[in-house]
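S.K.: Make a model of the complete structure from these sequences and hints.
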Amino acid sequence: MTLKLGIFYFLAAFTVWASAVVVLGKNIVRSAVALIFGFCGMAALYVLLDAEFLAAVQVLIYVGGITILLLFAIMLTSRIGSTTARVVNDQVILSAIAAIGLLVGLIYASTSGIPAMSGPPRLPETAPFLGRALLTTYALPFEAVSVLLLAAMVGAIVLARKD
Amino acid sequence: MMIFATLVERFYAALAAWGIPWIVPTLVVMVIVVSVVLAYISVAAMFMIWWERKISAHIQVRYGPMRVGGWHGWAQSIADGIKLLLKEDLIPTGADKVVFVLAPMVVFGATVAAYVTIPWAPGLIVRDLNIGILYMVSISSLVVVGIIMAGWSSNNKYATLGALRSAAQAVSYEVPLVLSLLGPVMIAGTMSMGKLVEAQSGRWFGVLPGWFVFPQIVAFLTYFTCALAECNRLPFDIPEAESELVAGFHVEYSGMRFAMFFLAEYANMFVVSAIATTLFLGGWHGPWIPLPGLPREVAHGLFGLVWFQVKCYFLIFVMMWLRWTLARLRVDQLMGFAWKVLLPISFANLIVTGLVLILGKHALLYVGGIAILLLVAILLAARPAARTVRVGERT
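So the sequence lines, in the order shown, correspond to chains H and R. Oh and the first sequence: position 33 is 33 in our numbering, straight run, nothing missing. When you read off a place in the second sequence, starting at 1, and then add 1000, the result is the number in our numbering.
Think of the hints as simulated: they come from the structure by calculation, not from any bench. These numbers were taken from a predicted model, which means no experiment stands behind them. Hints are not guaranteed to be accurate.
What the hints assert, rightly or not - Okay, derived cross-link-like pairs now, BS3-like style, lysine-lysine, Cα gap no bigger than 27 Å in a straight line: (1) R:1097 to R:1083; (2) H:26 to R:1097; (3) R:1054 to R:1083; (4) R:1157 to R:1097; (5) R:1157 to H:26; (6) H:162 to R:1340; (7) R:1087 to R:1157; (8) R:1097 to R:1087; (9) R:1054 to R:1087.
M.R.: And the structure:
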């Protein structure tokens, strides 16, 4: 158990470090690369929670799909090497309040033990369970999310087409 | 090949008896397994490089390497490896050093990680994860990240263009690739590589072997096409098109860092062939006889090992054959092919597979269904392309 805890702290520190580089990095491509490491750290944390399916999907969708599209978009913009992104903008106070509020909420949740954050149910295989739940109990939210994605896609196409 | 599992168990038990904490034998076993896998990858990649040279030479009516080592230049790859090791390691002045150094490691590491769930023989698999095939696909998608890192950090126009093309290609071809893998997974009802092989042990109509390639021939062809694109092999090698981009994303790399990319490319070819073998060609299944003087299980395992290798290297041979036969596609053709042809076909295959699995014996219905879906797919694929936005038009 202590080994598992050690691995958890290592992964957590790694993920936090990568996320900090994402936010604080001056070079936007380096931030995107750090984002990849952050997502991989999250996937490893999912594995530690016995959610292998979620971990694999995290790597496949976020690293293999979204971050690559992000890098693609960054590289299409001109002079990527020389531009340095502004780390702090005008909304710094608002976002600081939001971040501190979230931190307080998370500390409260982990110290007082909100029921949803207690131990996960032990399942021998998560994939069939997830599939069944998504197509029976949670069919409506699942479909609503896909409609949302479709709307986003249509929006993107409308923006991209000039004629 | 259960013999390895029992050996490992005995090793654990022996060390536990001496009072050594379990972490020590675990680490020892891990190091041994990783060393074996790395040694296999290196030797296999060197063989494949030599083999590719011979195949290309024979297709072009030449001899290829003939001198190094004597028999048909078998030591050519070893000589090349030594040459690459001894070369100067250059990092361009304008390069982003951290990302430049990290990129080959990401590519090689992601490729090696995929070997964890390859079922070599009955019972011989590093770890039979219950999400095996999903794990392999997702870990292989990290290769593209390394390629983009390499292309961008080189601070070279050709390298950046190669990386851009690679990103577009990977994102497009990954969708039909995963969809085509779903067919066998739906039939077998599992994602574990070991169980997928076991599900193909029967026979179709009592004659054909129970490989999923027979009911899933469409998925197999789609997968193999997408796999070629994933490996950046011809006719999909536009990320490193020599005639346009010099060498694409790895143009600035030299010495051992270049060798890592080269090694990863061949190791990746083996990975995609192993996935195809496991899901479509019955994995380690094949005719076998009990060998005299050996336990039944060991003989079965040895035959399984050989069959798996034979099937994998046959697919690798096909990949090489295609490389030296076909011409390179244009960028717009490449993207159009993925989205307008492969994607509708793999969706149609998915729907037909699902219908057949649920309806069972109502054969007439699914023949009609297949016909309609194929028609839809063809109509979608053959729509006039005048109003579609082509990739590369606005860049």
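S.K.: If a hint holds in the structure, say so; if it doesn't, say that too.
M.R.: Okay, the hints, checked on the actual structure:
| no. | hint | verdict |
| --- | --- | --- |
| 1 | R:1097 to R:1083 | 24 Å, holds |
| 2 | H:26 to R:1097 | 16 Å, holds |
| 3 | R:1054 to R:1083 | 20 Å, holds |
| 4 | R:1157 to R:1097 | 17 Å, holds |
| 5 | R:1157 to H:26 | 22 Å, holds |
| 6 | H:162 to R:1340 | 22 Å, holds |
| 7 | R:1087 to R:1157 | 24 Å, holds |
| 8 | R:1097 to R:1087 | 19 Å, holds |
| 9 | R:1054 to R:1087 | 25 Å, holds |
Figure legend: structure checked against the earlier numbered hints; every hint is met.
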